[in-house]
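Which chain is which? The protein sequence lines are U and F, in order.
Residues in the first sequence are numbered from 10 upward in steps of one, following this note's numbering.
Residues in the second sequence are numbered from 8 upward in steps of one, following this note's numbering.
Source of the hints: derived by calculation from the structure; they are not laboratory data.
We treat Cβ as the ideally placed atom computed from N, Cα and C, and that holds for glycine.
Among the hints, erroneous ones may be present.
Pairs of lysine to aspartate or glutamate, EDC-like flavour, derived with a Cα cap of 20 Å [stated by the list, open to error]:
no., chain 1, residue 1, chain 2, residue 2
1, F, Lys-172, F, Glu-114
2, U, Lys-240, F, Glu-16
3, F, Lys-160, U, Asp-300
4, U, Lys-240, F, Glu-114
Here chain U is said to cover these stretches of chain F; the calculated rule only asks that three of the stretch's residues, wherever they fall, bring their Cβ under 8 Å from a Cβ of chain U [as the list claims (entries may be wrong)]:
no., region
5, 8-19
6, 22-31
7, 109-117
8, 166-177
9, 198-206
10, 211-222
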Amino acid sequence: MKLSERYNQVNLIATIVIMLITGVIYYQAISLILTNQKDNSLKVEEQEVFDYVKLNHHLPQVFASKDQQITFISAEPNSVKREFFNTTYYREKDEPESGRGLVSSVKVGDRYYKILIVESKVETEDLIQIIFGITIGVILLLLLVLVITNRLILGRLWQPFYSILSELKLFNVTDSREMPSPNTTIDEFNELQAEVTAMAERVKKDYKDLKTFTENASHELLTPIAVINSKLDTLIQTENFSEHQSKLLNDLYSAVSRLSRLNQSLLLLVKIENKLLNDRQHLDLQELIDDLLYQLEDIFNDKEITVISTIGEKEIDASNYLIEILLNNLIINAVRHNRTNGEIIISLTSQNLTIKNTGEQVALNPENIFTRFHKASTSEGSGLGLTISKQICESLGYQLVYSYEEPYHIFTVNF
Amino acid sequence: MKILIIEDEEGLRESIEEYFTEAGNICETAASYAAALAKVELYRYDCILLDITLPGGNGIDILKKLKANNYTDGVLIISAKNSLDDRLQGLDLGADDYLVKPFHLSELKARVSAIIRRKMFNGSNVLNFNELSIDLMAKTVAVNGTPVKFTRKEFALLIYFISNKGKVISKNAIAEHLWGDGIDLANNFDFIYSHIKNIRKKIMEAGGKDYIYAAYGMGYKFADQ
Numbered sequence: 010m011k012l013s014e015r016y017n018q019v020n021l022i023a024t025i026v027i028m029l030i031t032g033v034i035y036y037q038a039i040s041l042i043l044t045n046q047k048d049n050s051l052k053v054e055e056q057e058v059f060d061y062v063k064l065n066h067h068l069p070q071v072f073a074s075k076d077q078q079i080t081f082i083s084a085e086p087n088s089v090k091r092e093f094f095n096t097t098y099y100r101e102k103d104e105p106e107s108g109r110g111l112v113s114s115v116k117v118g119d120r121y122y123k124i125l126i127v128e129s130k131v132e133t134e135d136l137i138q139i140i141f142g143i144t145i146g147v148i149l150l151l152l153l154v155l156v157i158t159n160r161l162i163l164g165r166l167w168q169p170f171y172s173i174l175s176e177l178k179l180f181n182v183t184d185s186r187e188m189p190s191p192n193t194t195i196d197e198f199n200e201l202q203a204e205v206t207a208m209a210e211r212v213k214k215d216y217k218d219l220k221t222f223t224e225n226a227s228h229e230l231l232t233p234i235a236v237i238n239s240k241l242d243t244l245i246q247t248e249n250f251s252e253h254q255s256k257l258l259n260d261l262y263s264a265v266s267r268l269s270r271l272n273q274s275l276l277l278l279v280k281i282e283n284k285l286l287n288d289r290q291h292l293d294l295q296e297l298i299d300d301l302l303y304q305l306e307d308i309f310n311d312k313e314i315t316v317i318s319t320i321g322e323k324e325i326d327a328s329n330y331l332i333e334i335l336l337n338n339l340i341i342n343a344v345r346h347n348r349t350n351g352e353i354i355i356s357l358t359s360q361n362l363t364i365k366n367t368g369e370q371v372a373l374n375p376e377n378i379f380t381r382f383h384k385a386s387t388s389e390g391s392g393l394g395l396t397i398s399k400q401i402c403e404s405l406g407y408q409l410v411y412s413y414e415e416p417y418h419i420f421t422v423n424f
Numbered sequence: 008m009k010i011l012i013i014e015d016e017e018g019l020r021e022s023i024e025e026y027f028t029e030a031g032n033i034c035e036t037a038a039s040y041a042a043a044l045a046k047v048e049l050y051r052y053d054c055i056l057l058d059i060t061l062p063g064g065n066g067i068d069i070l071k072k073l074k075a076n077n078y079t080d081g082v083l084i085i086s087a088k089n090s091l092d093d094r095l096q097g098l099d100l101g102a103d104d105y106l107v108k109p110f111h112l113s114e115l116k117a118r119v120s121a122i123i124r125r126k127m128f129n130g131s132n133v134l135n136f137n138e139l140s141i142d143l144m145a146k147t148v149a150v151n152g153t154p155v156k157f158t159r160k161e162f163a164l165l166i167y168f169i170s171n172k173g174k175v176i177s178k179n180a181i182a183e184h185l186w187g188d189g190i191d192l193a194n195n196f197d198f199i200y201s202h203i204k205n206i207r208k209k210i211m212e213a214g215g216k217d218y219i220y221a222a223y224g225m226g227y228k229f230a231d232q
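Construct all of the structure, not just a fragment, from the sequences and the given hints.
Here it is as structure tokens:
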């Protein structure tokens, strides 16, 4: 629920409740005042009767009147208690109307009479209705105006908030774009903006520090790796090794070259993210892929993998270094996760490059195959190959997508 | 061959020196910018192995000085910085090659030999080893004058072997030389063996000697024993 909706809802309910309560009180007050007035008019009438009796010593003649009826009934002395009451007023041939009456008594000579004066309240009630109607109308109008202005004003007031929000949605740590400040004089929003900007700066700085750390750490590692490597190369020159020793040396070599590749991969990732490798050359993908397939021929043969390739023409402008890494990673990946006697199908069109390979007959989770150091427990890779491939594609504006169509795992690069 | 190794990391410097020191080679070393500068100003070398990050200065400045004086020493930059800018800057300034740490000594040797060959033969570029004669431009091999057909990889491997003759080259170094970094999927390098077998066979069928020896399952050695 939006803030303004919530606000309007609360506002509306409160206004309606208050309006209802006010309406009831208002109605009661008006009707009390008007009944009072009616009673006064009845009293005046009574007084007129008394005056007449006092002067003439007989009851006045009763004229038929539209809004008033006076009746005299003889009664036992002192049997009538003076009181006002609500009653029904019967006009000739008309519907019964509500009325107000007064019971009183008068002594004419030695005869005792009960006086019954009834007046129609219909005019009073009409008045109440009109007054009440107008009041309700005004209140409703007020409410409507309130809701509309609230909506307009709230919408405008919250504008800076929404612009900050959309900036936040676009926020990306790798992006160097500054957040624009919204046009507002509202302190709260200015404060929010300031905090959001400061936070974004902090996050970016932390991220940059982290990247710098990765880069420095990898750089620092290169020298010791280089020393180990060169010492191993020197050591094997001394000759006369037993079979056991040479097995140990082979294991050392493999471990060092893996360490070195892992390190190179980390450095490469940092460089791609820092956009340090953005040189562009005109590249013939067809030629690059054919070269690579020739280069890897032994590896395909070793695993007895059949490679079927339909390579169309496609030329791109990109960094040669990155494209070579991308192609290498994807094809090596297709070999590494393949089975003996498996298949790799490579096809290149002007729209995309697809590399299909046989392998384990289970689809991989496309959510996490591109995350760092995610790899099958049986994989000998660094767990960075696909991450790097994805990063390269993103940096070039391509899309790298994984899908599974039995029995093929398919990686597609959409140009 | 006279070689100057400018490298501040002692372990690496010593290994390179040891690997390059053999009959007919003179190796000198410098561990700092000042020492390196003093040497290059006094003596001329066939090839200078130049580290970029040095105590007291930048290796690129040494390269600039060499070029400013029109010295023709071959220069191979060895750097931990695998940055394209550095590489391009180095090559633009006249370095002959650029090798990123970590590397195999055999790879370094092959690169240095290539540089020296280019300097010495001045374009003719035929490499001779006993009865073998290799034309580096035409990429052809002749044994006792008879042309023998080599594949691209066999050719590259033969040159790599000759550049490192008398040294044991590990299978890892061979694999990385032939296939680049993509080779980490192989825990056995059986397919190297088939190339070596082919080279041997082709040379011997043309009347040449068998120069390639297996070294304890770790690697191979090319030697005239």
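The hints, checked one at a time:
no. : hint                    : in the structure
1   : Lys-172(F) - Glu-114(F) : holds, 12 Å
2   : Lys-240(U) - Glu-16(F)  : holds, 13 Å
3   : Lys-160(F) - Asp-300(U) : holds, 12 Å
4   : Lys-240(U) - Glu-114(F) : holds, 14 Å
5   : 8-19                    : holds (count 3)
6   : 22-31                   : holds (count 4)
7   : 109-117                 : holds (count 5)
8   : 166-177                 : holds (count 3)
9   : 198-206                 : holds (count 3)
10  : 211-222                 : violated (count 1)
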